[in-house]
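Taking the hints into account, I'd like the entire structure generated from these sequences.
Letter by letter, the chains look like this.
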Amino acid sequence: MASETIALNLVDRGTRPIGDRLHDWVVTVDHKKLGILYILYALLFLVIGGIEATIIRIQLVVPHNHFVSPQVFNRMFTMHGTTMIFFVFMPMLFGFGTYLIPLMIGARDMAFPRLNAFSFWMTAFGGLLLYFSFIGGNGLYGAGNAPDVGWFAYAPLTSRAFSPGHSTDFWTLGLLVSGFGSIGTAVNFIATILCMRCPGMTLGKMPLLAWLNLVMAGMVILAVSPLTAAQIMLSIDRYLGAHFFDSQAGGSAVLWMHFFWIFGHPEVYILVIPAFAFVSEIIPVFSRKPIFGYPVMVAATVCIGFVSFSVWAHHMFTVGMTSYANSFFTITTMVVGVPTGIKIFNWIGTMWGGKIQFRAPMLFCVGFLFQFLTAGLTGIMLSASPFNWQLSNSYFVVAHFHYVLVGAILFTIFGAFYYWFPKMTGRMYNETFAKWHFWLFLIGFHLTFDFMHIPGMLGMPRRIYTYEPGRGWEIWNLIVTIGVIFQIAGVLVFVFNLLRSLVKGETAGSDPWDAWTLEWSTSSPPPEYNFAKIPVVKSRRPLWDIKHPEDPDWKYE
Amino acid sequence: MSSGAIARPLIKPEWALPSRGRVGMFTLIAAEAAIFTIFVVAYIFYIDKSLSGPMPKDVLELPIFNTVCLLSSSVTIHLAVRALRNAKVGAFGLWWFVTIALGAIFLVGTAREWQRLIFEKGLTISTNLFGTTYYSLVGLHAFHVTAGLIFLAIGMIFTFLGKVKPEHSERAEIFSLYWHFVDAVWVIVFTVVYVVGR
Amino acid sequence: MKAARHEKEWGRVVGPVAGILILLAAVLLAASLCSAATGPAVPSIFKPESTPADSIYGLSLLVLAVTGIIFVIVFSLLAYVVTKFRRRASDGPEPPQVYGSNQIEIAWTVIPVLIVLVLFMATARVIHAIQDAREPKGAIEVTAIGHQFWWEFRYPTLGIVTANELHVPVSDPSHPTPTFLKLLSADTDHSFWVPRLAGKTDLIPNRVNKMWIDPHETGLYVGQCAQYCGMQHAKMLLRVYVDSPEQFEQWVQEEKKPAQSSDAVNEGRRIFETTACINCHTVSGTVADGRFGPDLTHLMSRDTIASGAAPNTPENLQTWIQEPDAIKPGSLMPAMKLNDHDLNALTAYLETLR
Numbered sequence: 001m002a003s004e005t006i007a008l009n010l011v012d013r014g015t016r017p018i019g020d021r022l023h024d025w026v027v028t029v030d031h032k033k034l035g036i037l038y039i040l041y042a043l044l045f046l047v048i049g050g051i052e053a054t055i056i057r058i059q060l061v062v063p064h065n066h067f068v069s070p071q072v073f074n075r076m077f078t079m080h081g082t083t084m085i086f087f088v089f090m091p092m093l094f095g096f097g098t099y100l101i102p103l104m105i106g107a108r109d110m111a112f113p114r115l116n117a118f119s120f121w122m123t124a125f126g127g128l129l130l131y132f133s134f135i136g137g138n139g140l141y142g143a144g145n146a147p148d149v150g151w152f153a154y155a156p157l158t159s160r161a162f163s164p165g166h167s168t169d170f171w172t173l174g175l176l177v178s179g180f181g182s183i184g185t186a187v188n189f190i191a192t193i194l195c196m197r198c199p200g201m202t203l204g205k206m207p208l209l210a211w212l213n214l215v216m217a218g219m220v221i222l223a224v225s226p227l228t229a230a231q232i233m234l235s236i237d238r239y240l241g242a243h244f245f246d247s248q249a250g251g252s253a254v255l256w257m258h259f260f261w262i263f264g265h266p267e268v269y270i271l272v273i274p275a276f277a278f279v280s281e282i283i284p285v286f287s288r289k290p291i292f293g294y295p296v297m298v299a300a301t302v303c304i305g306f307v308s309f310s311v312w313a314h315h316m317f318t319v320g321m322t323s324y325a326n327s328f329f330t331i332t333t334m335v336v337g338v339p340t341g342i343k344i345f346n347w348i349g350t351m352w353g354g355k356i357q358f359r360a361p362m363l364f365c366v367g368f369l370f371q372f373l374t375a376g377l378t379g380i381m382l383s384a385s386p387f388n389w390q391l392s393n394s395y396f397v398v399a400h401f402h403y404v405l406v407g408a409i410l411f412t413i414f415g416a417f418y419y420w421f422p423k424m425t426g427r428m429y430n431e432t433f434a435k436w437h438f439w440l441f442l443i444g445f446h447l448t449f450d451f452m453h454i455p456g457m458l459g460m461p462r463r464i465y466t467y468e469p470g471r472g473w474e475i476w477n478l479i480v481t482i483g484v485i486f487q488i489a490g491v492l493v494f495v496f497n498l499l500r501s502l503v504k505g506e507t508a509g510s511d512p513w514d515a516w517t518l519e520w521s522t523s524s525p526p527p528e529y530n531f532a533k534i535p536v537v538k539s540r541r542p543l544w545d546i547k548h549p550e551d552p553d554w555k556y557e
Numbered sequence: 001m002s003s004g005a006i007a008r009p010l011i012k013p014e015w016a017l018p019s020r021g022r023v024g025m026f027t028l029i030a031a032e033a034a035i036f037t038i039f040v041v042a043y044i045f046y047i048d049k050s051l052s053g054p055m056p057k058d059v060l061e062l063p064i065f066n067t068v069c070l071l072s073s074s075v076t077i078h079l080a081v082r083a084l085r086n087a088k089v090g091a092f093g094l095w096w097f098v099t100i101a102l103g104a105i106f107l108v109g110t111a112r113e114w115q116r117l118i119f120e121k122g123l124t125i126s127t128n129l130f131g132t133t134y135y136s137l138v139g140l141h142a143f144h145v146t147a148g149l150i151f152l153a154i155g156m157i158f159t160f161l162g163k164v165k166p167e168h169s170e171r172a173e174i175f176s177l178y179w180h181f182v183d184a185v186w187v188i189v190f191t192v193v194y195v196v197g198r
Numbered sequence: 001m002k003a004a005r006h007e008k009e010w011g012r013v014v015g016p017v018a019g020i021l022i023l024l025a026a027v028l029l030a031a032s033l034c035s036a037a038t039g040p041a042v043p044s045i046f047k048p049e050s051t052p053a054d055s056i057y058g059l060s061l062l063v064l065a066v067t068g069i070i071f072v073i074v075f076s077l078l079a080y081v082v083t084k085f086r087r088r089a090s091d092g093p094e095p096p097q098v099y100g101s102n103q104i105e106i107a108w109t110v111i112p113v114l115i116v117l118v119l120f121m122a123t124a125r126v127i128h129a130i131q132d133a134r135e136p137k138g139a140i141e142v143t144a145i146g147h148q149f150w151w152e153f154r155y156p157t158l159g160i161v162t163a164n165e166l167h168v169p170v171s172d173p174s175h176p177t178p179t180f181l182k183l184l185s186a187d188t189d190h191s192f193w194v195p196r197l198a199g200k201t202d203l204i205p206n207r208v209n210k211m212w213i214d215p216h217e218t219g220l221y222v223g224q225c226a227q228y229c230g231m232q233h234a235k236m237l238l239r240v241y242v243d244s245p246e247q248f249e250q251w252v253q254e255e256k257k258p259a260q261s262s263d264a265v266n267e268g269r270r271i272f273e274t275t276a277c278i279n280c281h282t283v284s285g286t287v288a289d290g291r292f293g294p295d296l297t298h299l300m301s302r303d304t305i306a307s308g309a310a311p312n313t314p315e316n317l318q319t320w321i322q323e324p325d326a327i328k329p330g331s332l333m334p335a336m337k338l339n340d341h342d343l344n345a346l347t348a349y350l351e352t353l354r
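Going down the list, the sequences are from chains A, B and C. Be aware that the first sequence starts at 1, since it is given in my numbering, and climbs by one per residue. Be aware that the second sequence starts at 1, since it is given in my numbering, and climbs by one per residue. Be aware that the third sequence starts at 1, since it is given in my numbering, and climbs by one per residue.
Keep in mind that the hints are not guaranteed to be accurate.
List time: in silico DSS-like cross-link candidates among lysine-lysine, alpha-carbon distance up to 30 Å [said to hold, decoys possible]:
id, chain 1, residue 1, chain 2, residue 2
1, B, K49, C, K210
2, A, K547, C, K256
3, A, K435, C, K84
4, C, K256, C, K210
5, C, K182, B, K49
6, C, K84, A, K355
7, C, K182, C, K210
Covered stretches of chain A, going by a simulated chain C footprint (3 or more residues, C-beta under 8 Å) [as the list claims (entries may be wrong)]:
id, segment
8, 150-158
9, 391-400
10, 457-466
11, 483-495
If you are wondering where the hints come from, they were derived from the structure by calculation, not from laboratory data. For every residue, glycine included, the Cβ atom is placed at its ideal position computed from N, Cα and C.
Structure (structure tokens):
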């Protein structure tokens, strides 16, 4: 096909000077470049956040350790959490969506390319502002140091009285700025998906990735704004003497919690739904079957989108709400587990009767399935309010949410990397290194996060820079820290594989996986205009229809 | 693989999807609505919870004139957009200008009210919970009015420069959605602050 | 698809699956080990010794059983699917393309909904039983006030004020004497968590929370603050001494007494009462009536100082007074910078506060 000979954008050995090529990347409004920028930005912060986690784990490897001071430790867990959520997972998932959605719906770009660029740079600057807090440090008069209030920054710890200096403000402003970027991206996703699908692609025929990102974007619109509002209130408290969260004036610490978690809970679904999207694209292709139950997958996701806004106070079961409130949030949390859980059955149903190929993307998705099952079940345990009174704010919760974030979401992100790397770069990654990555990371993940549940059940709270010997926590903390070594090894192999394949990988061709959605119909990497002719589709798997003209999908859907 | 169309194009009804601008604006309005909701919730939560200082009924007066001005500006902007759609650029410019004037009057009125509250009644954002929630909610709304006025002014400048044409009526209409939203928020703020909370 | 190279998929799958199974078995084994073979000092939630903790434990067994069964079923399904439906040997035709099945999807929606209903009803019962329990006549009342980074305990009906180490009587089921705690905070959010006695409840400024414990066995139960409250959150430890009725009565009588006097330590008392100590600390019966720091009237009746951060020994007391950052960096106790003579005299005085 003629478009396969188009020069590779990423590893361009062309004659243009490097300054011009970098300038292209800085001023680009092309969704593909912006998508890659988001992903690379997130990858950098993944490494930084990982270093912060490593520091935490070394400090906790034995009781009464002196690896870092309490001041540094408290900054580490705050920055680790904030970085991973806002500057790793959000940009990573936005990046993949930005790259893939126009391609998958047969469009040439997003609805608002300049807004796309603006959103990326806002997110990027937000992260830089947050990290400036480290060097702002004690060297610059009045500039403060990194925030140490925890990623959910409970009031009144964040008031001027308890957090003097500017560290909390770096947290507030960095997230405020990147929050505008998130809202911009969400606006773009929604407008693109609703307004720019190619002819024939009704909402019922678009890839699940598009549907799930649509729901995610809708949730971002409604969930990030409460955080923005709360941060404005916090800043007004800190600088204009307001009293939103000032207990001396009758303000309420619990109000901050409500506002934060109205953001915070939907936020975790915002993170996991795109992960579901990756899995819903990868598993069918590597099982050689269509997704089982497409309409129910869509309906379940929309359901999750709505119900997830009614569960937030399960983060507040210990705050002293009435028994009726606790019961309400228990039932809603258990209910939201139903549409979430049955998706696992849909994925199993997809694999059932298939011919599964265990290439790297599929390995990570299989890991995801086992791990998301566990994560969901520990979530059900936490949803039972009295059980939560024991387990909340302990290492059990930390283990649970890392199971979701790392075991489910990060695994699918790795899978997505391997699956779409050929499309984005035109090169195949090395399968052997990818498998090393998988096994090393899997072992490390389980050593760390399986055994992390146990100290929680033995009474170890979270966010403590050290702990008492003799409480039975030592051995488990040791094992947890050892797991980190394997995870680091896995990530190093991953980064090495990416870089090496960029340079030495074999040419991938437009459709190395024999897949069925529109992005595989164009070259690898795609030309700037994506498609020579806007496609017209008749079913959910347009390429299947072409490859199997005797048995096209549109006869059965 | 063939480089042609993915499927043989059949004779189908025209493939019509909603306009991007409209969807984008509705989405933005949804996000803004969520922000305002949180400030309104905070306001309602803190009604009658101030430990001291002036209470709403002691200091608040119903801003009837302001409200009439702002709500009328929704009518005038609607008239402006309709005029442009009917290719009456002159009428558009006139009604657009009136909209700006009404919005500006609203802002001036708010400023005067705040001046009275601060200097005569001693109510500031740091006085008590009422002050905090009042100034932040009304202030957030006024900020959005200001932003709207800036965009309206830009539109006015383009009109004076003769750049505005009937084919821009859709853009004007999409902007007017934002302006209607700002007015709708005022209805809610007015009800919560001056009626319910007083 | 270019799959010709991957004929050894089977070997690559069975190893890992087995590995995962072994790992999971190890985890389960470990979990059961740790819940069974733990010493008395281990604050395990699976070793309850008080009614609320017992109720939670009972509920947790149900929840664990249900989730465990779900886990085994789905895990097995997954393991089956990844082994049975792997691609074998060479390329073949694509497998049958199945798009869904309404009956199956309905079934696997209805069953989880029913499970949720059962779990919810069991849970709601326990929520009410714990949260809405009425305070019986014989209950001990304690007001716990959380500070950065120590616990203030006041017994309003008994007229006692102490810090960090809570004494309660054991509760006999036939004549229950539970302890009902009112939870307040003087500064930021804290959380009272002694796992073997109850679930945790937060201490929030400007808010009154309530919890209760009903210990069945005498002994020492440990816990700590469970809501990040600042620099030294990690060392805001809790010690709850469940005493026999006689021991508790004795303790109460001791605590009610004002501070002992003794001429031998007059100099130390003078130093205490004329330096900044009395700004923060109370010693009842003297001029010292500061409320910012712990009540020291019966300092020597406690096993630890600095909210559990160090054992209560003369050396540690001296270190705490001279250089608190050596024990608990970031605590709000200032370094007093006394000369050696004054320090010794002061410590001698403090040692008499039994």
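Checklist line | Ascending list of hint numbers which this structure does not respect | finding: As far as the earlier hints go, 2 and 11 are violated by this structure, in ascending order.
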